[in-house]
Each structure stands twice: as structure tokens, then as C-alpha cells.
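Colleague: What follows is each chain in one-letter form.
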Amino acid sequence: MTALIEFRNVSKIFGGGLFDKKRTVALENFSMTINEVPPLITAVVGESGSGKTTLARLLLGLETPSTGEVLFRGRNVHAMSQSERRQFLHDVQFVFQDPYGVYNPFYKVDHVLTKPIAKFKLASSRQEARKLIENVLETVGLRAEETLGRYPHQMSGGQRQRIMVARALLLKPKLIIADEPVSMVDASLRATILGNLQELNEKFGISIIYITHDLATGFQISHNMIVLYHGAVSEAGEVNRVVGEPQHPYTQLLMNSIPLPVPERMWHRDNTPPPTKPAADFQGCKFANRCPHVMERCQTQQPPLYQTETQRVVSCYLYEENAPTLDRAGLEKVFVTQPTG
Amino acid sequence: MSEVVLQVRNLQVHYATPRGPVKAVNNVSFDLHKGEILGLVGESGSGKTTLGMALCGLIRSPGRLAGGEILLDGRNLAGLSEDAYKKVRLADIALMPQGAMNSLNPVIRIREQILDGLRDHGVMLTRLEADHHVESLLERVGLRGEVANMYAHELSGGMKQRVAMAIAISMKPKIIIADEPTSALDVVVQKRIIETLQDVQAELGASIIMIGHDMGLMAQTVDRLGVMYAGQMIEIGAISKTLVDPKHPYTRLLIESLPSTTEKKPLRGIPGLAPQLLNLPQGCAFHPRCPHTFDRCTVETPALIEAAPWRWAACHLLDTDQ
Numbered sequence: 001m002t003a004l005i006e007f008r009n010v011s012k013i014f015g016g017g018l019f020d021k022k023r024t025v026a027l028e029n030f031s032m033t034i035n036e037v038p039p040l041i042t043a044v045v046g047e048s049g050s051g052k053t054t055l056a057r058l059l060l061g062l063e064t065p066s067t068g069e070v071l072f073r074g075r076n077v078h079a080m081s082q083s084e085r086r087q088f089l090h091d092v093q094f095v096f097q098d099p100y101g102v103y104n105p106f107y108k109v110d111h112v113l114t115k116p117i118a119k120f121k122l123a124s125s126r127q128e129a130r131k132l133i134e135n136v137l138e139t140v141g142l143r144a145e146e147t148l149g150r151y152p153h154q155m156s157g158g159q160r161q162r163i164m165v166a167r168a169l170l171l172k173p174k175l176i177i178a179d180e181p182v183s184m185v186d187a188s189l190r191a192t193i194l195g196n197l198q199e200l201n202e203k204f205g206i207s208i209i210y211i212t213h214d215l216a217t218g219f220q221i222s223h224n225m226i227v228l229y230h231g232a233v234s235e236a237g238e239v240n241r242v243v244g245e246p247q248h249p250y251t252q253l254l255m256n257s258i259p260l261p262v263p264e265r266m267w268h269r270d271n272t273p274p275p276t277k278p279a280a281d282f283q284g285c286k287f288a289n290r291c292p293h294v295m296e297r298c299q300t301q302q303p304p305l306y307q308t309e310t311q312r313v314v315s316c317y318l319y320e321e322n323a324p325t326l327d328r329a330g331l332e333k334v335f336v337t338q339p340t341g
Numbered sequence: 342m343s344e345v346v347l348q349v350r351n352l353q354v355h356y357a358t359p360r361g362p363v364k365a366v367n368n369v370s371f372d373l374h375k376g377e378i379l380g381l382v383g384e385s386g387s388g389k390t391t392l393g394m395a396l397c398g399l400i401r402s403p404g405r406l407a408g409g410e411i412l413l414d415g416r417n418l419a420g421l422s423e424d425a426y427k428k429v430r431l432a433d434i435a436l437m438p439q440g441a442m443n444s445l446n447p448v449i450r451i452r453e454q455i456l457d458g459l460r461d462h463g464v465m466l467t468r469l470e471a472d473h474h475v476e477s478l479l480e481r482v483g484l485r486g487e488v489a490n491m492y493a494h495e496l497s498g499g500m501k502q503r504v505a506m507a508i509a510i511s512m513k514p515k516i517i518i519a520d521e522p523t524s525a526l527d528v529v530v531q532k533r534i535i536e537t538l539q540d541v542q543a544e545l546g547a548s549i550i551m552i553g554h555d556m557g558l559m560a561q562t563v564d565r566l567g568v569m570y571a572g573q574m575i576e577i578g579a580i581s582k583t584l585v586d587p588k589h590p591y592t593r594l595l596i597e598s599l600p601s602t603t604e605k606k607p608l609r610g611i612p613g614l615a616p617q618l619l620n621l622p623q624g625c626a627f628h629p630r631c632p633h634t635f636d637r638c639t640v641e642t643p644a645l646i647e648a649a650p651w652r653w654a655a656c657h658l659l660d661t662d663q
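If you're matching them up, the sequences are chains A and B in order. In terms of the numbering used here, the first sequence opens at residue 1 and continues consecutively. In terms of the numbering used here, the second sequence opens at residue 342 and continues consecutively.
Because the hints were derived from the structure by calculation, they are not lab data. None of these values were measured; they are calculated from a predicted model. Treat the hints with care, as some may be off.
[What the hints assert, rightly or not] Only part of the chain B face toward chain A is listed, based on derived beta-carbon distances under 10 Å:
hint	residue
1	Glu384
2	Glu536
3	Gly553
4	Asp555
5	Met559
6	Ile580
7	Ile596
8	Ser601
9	Thr602
10	Thr603
11	Pro607
12	Arg609
13	Gly610
Built from N, CA and C at the ideal position, the CB exists for glycine as well.
Work out the full structure: start from the sequences and follow the hints.
Modeller: Written out as C-alpha cells, the structure reads:
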């Protein structure tokens with residue numbers, strides 16, 4: 001079994017030395033393996049500043065880890081030869097948050113689709129290229145005759161985002177990283193785009209890393225979930241376990257903040273303080289200053305990962321009893337390896 | 342129902358284009374009651390933001406108010422001169438614009454930006470009074486007094502949104518129009534901003550029109566909900582009733598398109614695309630996307646009818662004579 005991606009004790013620290021006030025630990029000692037077979041959707045959930053986008057940028061090779069290494073199919077993404085890098089850029093595709101900013105307004109939307117075909121020589125003739133484009137557009141529910149030949153400003157945000165998904169599909173990648181792909185799209189169109197991503201996973205066998213702050217959409221499309229807070233894993237495991245019955249107080253906070261359209265499930269006022277960046281030399285649990293269950297030891301030592309169930313770990317002292325600890329390097333041990341219902 | 346603060350009657354906003362007028366707001370009527378939060382939802386291009394701008398007298402060329410009345414405590418604001426409307430804005434109707442957090446001036450301290458509006462309305466304050474006023478406004482929206490001396494770039498997205506709220510309430514308006522007050526914010530921050538908005542509203546006794554596209558957020562926030570489609574109000578009524586038993590098929594689809602956290606189901610959005618306003622379909626504007634379309638929908642535009650007590654919807658299915 002080959003690993004598709006592997007994070008080995010990766011930390012990313014922005015800013016200067018240990019006593020620099022601006023020093024920010026964006027990702028701390030993070031390890032994870034995602035297998036190539038079977039292709040699954042992994043959700044990475046957290047607020048702004050949780051390190052979820054840094055994780056994606058490290059994976060793409062846009063950031064260099066401060067310590068540790070990131071591997072794609074066994075190759076360090078920061079030490080690839082030119083031809084390896086080229087193959088990597090083919091195999092890993094990205095869907096960005098902002099469907100407005102990624103288009104050049106002077107080009108027709110065709111440009112984002114024809115460019116990768118030319119670059120990676122996916123078609124030998126114009127007709128073949130056109131056929132390819134029509135196919136991928138159809139997969140995401142767009143009609144070629146209504147899409148091609150238009151300028152970005154003539155399309156809705158939802159349509160633009162679907163073209164980006166179609167573009168990713170064009171290259172038949174091994175992995176798609178989708179960073180908040182629906183947060184700037186109308187609520188009514190979100191479902192369609194997430195449905196598209198799900199289809200790419202099921203029909204074309206593409207693994208997906210879905211980065212979001214919304215547990216609800218993460219629950220709907222993914223198989224495994226990692227909840228990050230200030231660069232550290234709070235909770236991780238099979239998605240039905242994590243969202244169905246969140247154990248970490250931070251996951252519970254995220255869960256209780258989702259506005260549900262259900263009159264019986266109204267928001268409770270809990271007065272959780274806003275997030276504050278822990279000091280660079282803070283050794284305790286990063287969620288301690290917002291946690292309603294905070295204990296003395298939370299301020300001094302970061303809790304390890306407690307494996308509370310076969311398919312879940314929680315980094316919280318509340319679950320210390322009767323739960324074995326799991327090495328942070330073995331996060332994937334609690335992930336499901338087969339798609340579940 | 343409590344007293345009515347604002348009555349909007351047959352409001353029309355048209356944008357002139359070479360291919361004819363675009364009816365961005367098409368014959369919209371509704372009442373806003375004292376102390377209530379009214380939500381307006383719809384897809385991009387449904388006219389909800391234009392409606393909010395029209396209530397603030399902010400429609401600029403090539404747009405124009407093409408008809409209708411905006412009655413604030415019985416006084417018609419439609420057709421007021423720009424100078425006269427300036428006196429109404431902020432003092433009576435305040436706007437928290439879309440992306441309010443990006444509307445702050447980056448080179449002016451927060452204190453000055455809050456006082457700017459007051460000065461424009463001829464409110465004279467001594468330095469001490471001004472300091473006190475700014476501090477109490479900031480505290481009311483959950484910010485520390487020190488924020489007054491900061492610049493926009495020193496604040497987080499949620500804090501900037503709170504500053505926009507402080508500016509909006511600086512003259513104790515009767516009506517606050519909040520256009521997507523939490524878009525681009527994280528769920529946790531979003532919840533806290535909405536809670537603050539509710540607190541501020543209760544304290545001032547103001548009415549709020551909250552514009553957005555997220556049904557879930559509306560469910561948690563508003564008292565009544567208006568649903569807009571292609572410039573028209575197609576359903577309006579108490580949110581608690583609308584959520585359980587939506588009267589318009591579009592409203593039902595909006596609610597169903599939200600992801601659940603308890604059961605996994607196939608993700609389906611609303612099929613089709615929002616219509617082009619220049620080229621609206623004949624009859625009901627929603628009929629090409631509606632799962633229940635029948636002959637009448639393609640020829641006749643449905644009018645808002647009272648589908649249940651205090652609930653109105655514009656759909657031929659509700660016409661019991663059929």
C-alpha cells in the first residue's frame with residue numbers, strides 16, 4: 001500500500017526567534033498519512049488561524065516546513081527534480097476559496113481550461129481538446145455551449161467555482177485540495193459544488209482534502225476529519241464519530257456555532273471568549289483560555305492524543321481515564337480506510 | 342403586531358442599460374415593525390442589496406427609483422432630495438454595508454471614523470463628550486475602548502464588523518440595515534456578531550433588516566423572513582412558520598439545500614440558474630426551475646396572496662380555486 005501523502009513531524013513557524021512576539025506556530029508537530037487506495041475525502045476543519053491553509057500550502061510546496069518533511073507518493077515535495085515537479089503539478093490540483101480572484105477578467109473562461117491542455121499536452125487536436133472540455137464541464141453539470149466563449153463577469157460565483165472543479169478534473173489528478181471552495185458562494189449553490197467534489201471522488205477515484213470552517217459540509221462529503229486549533233490537532237477520526245458526537249470542547253464549540261434552520265435547535269449563548277494567539281513559549285493546551293472545562297494542568301502541559309474509540313482521538317485531559325494515548329505520529333490509525341455510509 | 346415603523350409600497354428600482362431597463366427591485370411591498378428583525382434572503386442578483394440601498398437613498402445612476410413609496414413613520418422618503426436624504430441616513434436609517442469590514446478607511450483612526458458621521462449631521466461634541474460617546478459605543482458592540490485609537494489593519498475581521506456596527510448605531514437610528522453582516526467570517530465569530538447585533542437592537546429598540554443568503558443564519562436570527570427572487574418578494578412571514586412549512590417551492594428548495602449535521606443525504610442545490618433580469622421568463626419568474634410548474638405558471642405572474650394568517654406567498658399552487 002503506497003501512501004499518497006505523508007506529513008512527518010511537520011512544524012511551520014512564521015517569524016523570528018523564540019522570544020519574538022510575532023513568532024507564530026502555524027502548524028506544530030503534525031503527522032498524517034493518507035493512502036492512495038481507496039481514495040477518500042479528508043476534511044481539515046478549524047477557524048482562521050488554525051493552520052489549515054498552511055497545511056495546504058505546505059502540501060503544495062508553497063511553504064517550506066520549519067522541521068519535518070512532506071511527501072507525495074514517497075517523494076519530498078521540496079526536493080523534487082524538474083520532471084518530478086511537473087508530474088506533481090499534474091497530479092495535485094487545487095480549488096481556491098475565491099472564485100472571483102482566480103480568473104483573469106480579460107480572458108474568456110475557456111482560457112483556464114485550454115491552458116492546462118496545452119501545457120500538459122492532453123489532446124492532439126482542437127477537436128479532441130474541445131471534446132475533453134465538454135466532458136469535464138458536463139461532469140460538473142455545466143453545458144459547454146452556455147459556458148464557453150463567455151467572460152468571467154458573465155458567470156455567477158457558483159458557475160465559476162464549478163469551472164475550477166472542471167479544470168481540476170481535466171488533469172485526472174490523484175489529489176484535489178479544496179480550500180474553502182464554497183464559503184464565497186451562495187448557500188443554494190453550495191450543495192451543487194460539494195456534490196461535484198463528491199462525484200469526482202467516487203467516480204474518478206480522486207482523493208480530496210477538503211479545508212473548511214464548517215463542520216456541516218465537512219460531515220456531508222468527507223470520510224475522515226481532522227480538527228485543528230492553532231496548529232495542533234484537537235480531535236480527529238471517522239467523520240460520523242467526530243460530528244455525530246464531538247468530544248473536544250473546541251469541536252463542540254464549532255458544532256454549536258453552526259446556524260441550523262431548525263427552530264428547535266436555537267443557538268445557546270455561551271460567551272466563549274474570542275480566539276487569542278497563545279504566547280510562543282506557551283506549553284499548555286492551546287484552547288485552554290477559551291475552554292469552559294479548563295483545569296490547572298491544561299495551562300502547563302499540552303494533552304496527548306487520547307484514543308477514546310477505535311476511530312477517534314481527542315487531545316483533551318477530560319478523556320484521560322480509560323483511554324490509551326496515541327503517538328502523534330500515528331494519526332491515521334484512527335481513520336477509516338474504506339468509504340462508509 | 343406592534344406598530345409599523347416603515348412601510349414600503351410597490352417599490353421599483355430600475356437600472357438603465359442599452360438593452361432597456363433592468364428591474365432590480367420589481368414592485369416590492371412590505372411593513373417593518375418596531376423592534377423586529379426582518380430577514381431578506383435570495384440568491385445573488387435577486388435584488389436584496391439593491392432594496393437595502395434604495396431604503397437608504399443610495400441608488401445612483403444608472404439606477405433610479407422608478408416608483409413606489411418608502412414611508413418612515415408616515416413620511417414618504419422616496420423622491421427626497423440628496424440633501425434631505427443625508428439627514429435621514431444614519432440618524433433614522435443606518436446601513437452596515439456588505440463587506441463593511443473592508444469599508445473602513447485604512448489611514449484614519451477608528452475614533453475619527455465613528456465621529457465623522459456625527460459631525461456630518463451637525464452634532465457638536467466637546468472632546469470629552471466625544472471620547473465618552475465613542476467609548477460607550479465601542480463597549481456596546483463588545484470592543485475595548487482602546488480600539489478607538491487603532492487603525493483598521495490592527496483589527497480582526499470580526500472586530501472590524503463590530504466597528505461598522507458601532508458606526509451604524511452612533512445616532513440611535515430607528516432602522517438598521519445589515520447587508521450580509523457576517524459573510525467571510527468563521528462560524529464562531531459569526532455567532533458572536535449576531536448575538537451582539539441582537540443585544541444592541543434590544544437596547545436601542547431599533548428595527549433591523551438583515552440581508553443574506555444563508556437560511557440557517559436567518560433561522561437563528563430573524564423574526565420574520567422575506568424571500569426575494571428576480572427582484573420580487575415571493576414569500577414573507579414569521580420565520581418559525583416558514584421553516585416548518587414553506588409556502589413557495591423556491592423557499593422550500595432553499596431550506597432543503599442546507600447541509601444537515603445529523604443525516605447524510607445526496608447534496609442537491611436548486612437546479613437551473615437564476616434568471617437574467619433583462620429577459621425574465623413569462624409568467625412566474627421561477628417556473629423554469631420549479632419542480633411543480635403547470636400551464637398557468639408559464640403565462641400568468643402570481644401575486645402575493647395571504648397563504649396563512651400573516652403569511653404571504655406568490656405561487657399559483659396556493660390559489661385554491663384551481
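Colleague: Run every hint past the structure and note whether it holds.
Modeller: Hint by hint, here is what the structure shows:
With a cut of 10 Å, the hint placing B/Glu384 at the interface with chain A holds, because the nearest CB-to-CB distance is about 5 Å. At about 6 Å, the closest approach between the beta carbon of B/Glu536 and any beta carbon in chain A falls short of 10 Å, and the interface hint on this residue holds. At about 9 Å, the closest approach between the beta carbon of B/Gly553 and any beta carbon in chain A falls short of 10 Å, and the interface hint on this residue holds. Taken as an interface hint, B/Asp555 checks out: its beta carbon lies about 5 Å from the nearest beta carbon of chain A, inside 10 Å.
About 8 Å separates the beta-carbon of B/Met559 from the nearest beta-carbon of chain A, less than 10 Å, and the hint is met. Below 10 Å, beta-carbon pairs count as interface contacts, and B/Ile580 has one with chain A at about 8 Å; its hint therefore holds. Evaluation of the B/Ile596 hint against chain A yields a held restraint, the C-beta minimum of about 5 Å falling below 10 Å. With a least beta-carbon distance of about 7 Å to chain A, the hint placing B/Ser601 at the interface is held under the 10 Å criterion.
Contact between B/Thr602 and chain A, as hinted, is supported at the beta carbon level, the nearest pair being about 5 Å apart and thus within 10 Å. Satisfaction of the interface hint for B/Thr603 is found here, the shortest Cβ-Cβ separation to chain A being roughly 8 Å, below the 10 Å cut-off. At its closest, the beta carbon of B/Pro607 sits 7 Å from a beta carbon of chain A; the interface hint therefore holds under the 10 Å criterion. At about 6 Å, the closest approach between the beta carbon of B/Arg609 and any beta carbon in chain A falls short of 10 Å, and the interface hint on this residue holds.
With a cut of 10 Å, the hint placing B/Gly610 at the interface with chain A holds, because the nearest CB-to-CB distance is about 3 Å.
Hint violations for this structure: none, all hints satisfied.
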